[in-house]
Amino acid sequence: GAVVSQHPSRVICKSGTSVKIECRSLDFQATTMFWYRQFPKQSLMLMATSNEGSKATYEQGVEKDKFLINHASLTLSTLTVTSAHPEDSSFYICSARGVGHPFYEQYFGPGTRLTVT
Amino acid sequence: AQTVTQSQPEMSVQEAETVTLSCTYDTSENNYYLFWYKQPPSRQMILVIRQEAYKQQNATENRFSVNFQKAAKSFSLKISDSQLGDTAMYFCASSSGNQFYFGTGTSLTVIP
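So the sequence lines, in the order shown, correspond to chains A and B. Its first residue numbered 1, the first sequence is counted upward by one per residue in my numbering. Its first residue numbered 1, the second sequence is counted upward by one per residue in my numbering.
Read the hints as simulated data drawn from the structure, not as lab findings. A few of these clues could be false.
Some chain B residues near chain A, calculated using beta-carbon distances under 10 Å [as the list claims (entries may be wrong)]: (1) Tyr33; (2) Leu47; (3) Arg50; (4) Glu52; (5) Thr87; (6) Met89; (7) Gly97; (8) Asn98; (9) Gln99; (10) Thr104.
A few chain A positions that, by computed beta-carbon distances, are all more than 12 Å from chain B [as the list claims (entries may be wrong)]: (11) Ile12; (12) Met45; (13) Thr78.
Label pairs and their calculated CB-CB ranges [claimed, not checked]: (14) B:Thr60 / A:Gly53: 18 to 24 Å; (15) B:Ser80 / A:Leu76: 48 to 54 Å; (16) A:Val3 / B:Gly85: 19 to 25 Å; (17) A:Lys66 / B:Ser28: 38 to 44 Å; (18) B:Arg63 / A:Ser83: 44 to 50 Å; (19) B:Ser28 / A:Ser5: 32 to 38 Å.
Note that CB positions come from ideal geometry on N, CA and C, so glycine has one too.
Could you build all of it, start to finish, from the sequences and the hints given here?
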């Protein structure tokens with residue numbers, strides 16, 4: 001149990017376009033979802049925390065208008081990178097905390113590799 | 001805020017041997033949790049082991065065990081009988097409330 005999926009796993013887009021990444025909890029309801037960014041051989045950097053039905057809380061230095069996060073249901077959160085630039089190329093990982101699960105547990109998705117050309 | 005420090009960017013170990021990965025953390029919280037996550041080349045984050053700060057007994061999971069020194073704020077991971085599949089990035093993390101704080105990671109290579 002406690003499976004989190006991400007779609008797509010890889011995406012290539014052109015500079016200036018927008019791209020949406022989906023994060024789904026497949027077998028549990030996620031009260032909270034987290035979005036991380038990871039550069040090669042580096043740690044996970046928390047970008048934002050989203051709770052179902054409310055606005056996401058962004059970490060300092062993360063542009064809210066560039067990285068739009070929507071947590072519209074208990075099983076789906078989306079991250080939209082708007083007007084993407086090559087420097088947005090990275091590995092994006094989501095994780096989720098579930099209803100009925102210990103609050104300290106977070107379940108990770110497999111990640112999405114974004115390449116902006 | 002909490003900070004997590006991993007001072008060993010890279011380590012290697014011979015297959016079947018034992019290796020210890022170091023982690024120190026800093027927190028002002030009384031109630032927190034500590035984790036070791038494994039990230040293999042597939043990039044999928046996998047929970048290796050978890051320790052509740054209020055428990056004095058060190059957590060163990062099969063070949064994986066921790067040495068939790070609360071006063072020293074140290075949380076090391078010992079991998080016994082290392083296997084080739086243990087080759088991965090290992091991240092130490094702490095959590096209190098709604099946030100996780102990750103260390104910079106240790107790249108472990110198991111040598112056949």
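Right, here's what the structure says about each hint:
Given hint, Tyr33 of chain B at the interface with chain A, holds; its Cβ is 4 Å from that chain's nearest Cβ, closer than 10 Å. The beta carbon of Leu47 of chain B is positioned within 10 Å of a beta carbon in chain A (closest approach about 8 Å), and the interface hint is therefore held. Residue-level restraint check for Arg50 of chain B holds (minimum Cβ-Cβ distance to chain A is 7 Å; threshold 10 Å). At its closest, the beta carbon of Glu52 of chain B sits 8 Å from a beta carbon of chain A; the interface hint therefore holds under the 10 Å criterion.
Annotation: interface hint on Thr87 of chain B violated; nearest CB of chain A at approximately 14 Å, more than 10 Å. Interface restraint check: Met89 of chain B against chain A, minimum CB-CB distance 8 Å, threshold 10 Å, status holds. Checking Gly97 of chain B against chain A: minimum C-beta separation of about 8 Å stays under 10 Å; hint holds. Annotation: Asn98 of chain B was flagged as interfacial toward chain A, and the flag holds, the nearest CB pair being 6 Å apart, inside 10 Å.
Taken as an interface hint, Gln99 of chain B checks out: its beta carbon lies about 7 Å from the nearest beta carbon of chain A, inside 10 Å. Interface restraint check: Thr104 of chain B against chain A, minimum CB-CB distance 5 Å, threshold 10 Å, status holds. Separation of Ile12 of chain A from chain B is adequate, the least Cβ-Cβ distance of about 17 Å exceeding the 12 Å criterion. The beta carbon of Met45 of chain A sits about 8 Å from the closest Cβ of chain B, which is not more than 12 Å, so the claim that it is off the interface is violated.
No beta-carbon of chain B is positioned within 12 Å of the beta-carbon of Thr78 of chain A; the least distance is around 20 Å. Judged by the Cβ atoms, the range 18 to 24 Å given for Thr60 of chain B and Gly53 of chain A is violated: they are separated by roughly 40 Å. Checked against the given bound of 48 to 54 Å, the beta carbons of Ser80 of chain B and Leu76 of chain A, roughly 40 Å apart, lie outside it. About 21 Å separates the C-beta atoms of Val3 of chain A and Gly85 of chain B, a value consistent with the hinted range of 19 to 25 Å.
For the pair Lys66 of chain A and Ser28 of chain B, the beta carbons lie near 32 Å from each other, so the given range of 38 to 44 Å is not met. Roughly 47 Å separates the CB atoms of Arg63 of chain B and Ser83 of chain A, a value that falls within the hinted 44 to 50 Å. Between Ser28 of chain B and Ser5 of chain A the CB atoms are about 36 Å apart, so this pair conforms to the stated range of 32 to 38 Å.
Hints 5, 12, 14, 15 and 17, counting from the list given before, are not met by this structure.
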